[in-house]
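**Student:** Generate coordinates for the entire structure from the input sequences, incorporating the hints supplied.
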Amino acid sequence: MARSVWKGPFLDGYLLKKADKSRSSGRNEILKIWSRRSTILPQFVGLTFGVYNGQKFIPVLVTDNMIGHKFGEFSPTRTFYGHASDKKSKRS
Amino acid sequence: MARIAGVNIPAQKRVEISLRYIYGIGPDRASAICNKVGIPTERRVNELTDDEIFRIREVIDADYKVEGDLRRDVAMNIKRLMDLGCYRGLRHRKGLPVHGQRTHTNARTRKGPARPIAGKKKVTK
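Protein sequences appear in the order of chains A and B. Residue numbering for the first sequence follows this note's numbering, starting at 1 and increasing by one per position. Residue numbering for the second sequence follows this note's numbering, starting at 1 and increasing by one per position.
Simulated from the structure, these hints should not be mistaken for lab results. Certain hints may be false.
Away from chain B, derived, C-beta distances all over 10 Å, residues of chain A [unchecked claim]:
#, residue
1, 1
2, 6
3, 10
4, 16
5, 20
6, 26
7, 35
8, 37
9, 42
10, 45
11, 65
12, 72
13, 73
14, 76
15, 79
Pairwise CB distance ranges, derived in the manner of DEER restraints [as the list claims (entries may be wrong)]:
#, chain 1, residue 1, chain 2, residue 2, range
16, A, 1, B, 108, 23 to 33 Å
17, B, 73, A, 9, 21 to 31 Å
18, B, 65, A, 63, 19 to 29 Å
19, B, 17, A, 54, 45 to 55 Å
By construction, the Cβ of each residue, glycine as well, lies at the ideal position given by its N, Cα and C atoms.
**Tutor:** Following this line, the structure appears as structure tokens:
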């Protein structure tokens, strides 16, 4: 079920401060964040975030289309190496 | 025979039923259209007057997105997800279920018919 509109978008508040800070400092550095559950807001567009996937920070350049999605959607947590049997069948 | 919204030619059935052959119109919308045009439920498509068919066309054109337009919309939505590189897009690219279903078993609708695994022993009695 979709989230109620009256609640507004969910996000961890410190992200706004973090984004403001990097905007005003002017340097284009990767903002490391752990908050995968936060919604991407319009004021994040153009910034690069390093979204933690449990192991590494995946760099995500936020674009217009991403507004409304969550940060976690752009930082996959699982790696799929294929099935062992697939390799065998390819070789033979 | 009646052509409504492009290629659909449902005949002989009740109007409410045959309208559902149009992509984008299901039970609910079909009955809504009938109500709006003022067609009784027992009426069949081949009993419709030209004027009624014309009015059905008008209602569909005005209120609903059907067939090609709708298909393109859906395809565009999926394409947007794929281009974004978000999780749902990746699932679409790989042809796996998008809404978090299990893939250990089942998920055959997305994955297609089961492929035999090379070297897997068959269970024999």
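**Student:** Next step is simple, just say for each hint if it's right about the structure.
**Tutor:** Quick rundown of the hints versus the structure:
Non-interface call for residue 1 of chain A relative to chain B: holds, since the shortest CB-CB distance, roughly 13 Å, exceeds 10 Å. Residue placement check: residue 6 of chain A keeps its beta carbon more than 10 Å from all beta carbons of chain B (closest about 26 Å). Distance check for residue 10 of chain A against chain B: the nearest CB is about 17 Å away, which clears 10 Å, and the non-interface claim stands. Listed as a non-interface residue, residue 16 of chain A keeps its Cβ farther than 10 Å from every Cβ of chain B; the least gap is roughly 22 Å.
No beta-carbon of chain B is positioned within 10 Å of the beta-carbon of residue 20 of chain A; the least distance is around 25 Å. With a least CB separation of 27 Å from chain B, residue 26 of chain A remains clear of the 10 Å interface cut-off, as annotated. Every beta carbon of chain B lies more than 10 Å from that of residue 35 of chain A, the smallest distance being close to 16 Å; the non-interface claim holds. Every CB of chain B lies more than 10 Å from the CB of residue 37 of chain A, the least distance being 13 Å, so the non-interface label holds.
In this structure residue 42 of chain A is separated from chain B by more than 10 Å, as the shortest Cβ-Cβ distance comes to about 16 Å. Here residue 45 of chain A stays apart from chain B, with its beta-carbon at least about 13 Å from theirs, past the 10 Å limit. The claim that residue 65 of chain A is not at the interface with chain B is violated, since a C-beta of that chain comes within 10 Å of its own (minimum 6 Å). Non-interface call for residue 72 of chain A relative to chain B: violated, since the shortest CB-CB distance, roughly 8 Å, does not exceed 10 Å.
The claim that residue 73 of chain A lies off the interface is violated: its Cβ sits roughly 4 Å from the closest Cβ of chain B, which falls inside the 10 Å cut-off. Its beta-carbon lying about 6 Å from the closest one in chain B, residue 76 of chain A breaks the requirement of being farther than 10 Å from that chain. Chain B leaves residue 79 of chain A outside its interface by the beta-carbon criterion, the shortest separation being 12 Å against a cut-off of 10 Å. A hinted range of 23 to 33 Å for the beta carbons of residue 1 of chain A and residue 108 of chain B is consistent with their spacing of about 27 Å.
At about 25 Å, the CB distance of residue 73 of chain B to residue 9 of chain A agrees with the hint of 21 to 31 Å. Under the hint 19 to 29 Å, the C-beta atoms of residue 65 of chain B and residue 63 of chain A, about 27 Å apart, fit the expected range. Range check, residue 17 of chain B to residue 54 of chain A: Cβ separation about 52 Å, and the 45 to 55 Å hint holds.
The structure fails to meet hints 11, 12, 13, 14 from the earlier list, while all remaining hints are met.
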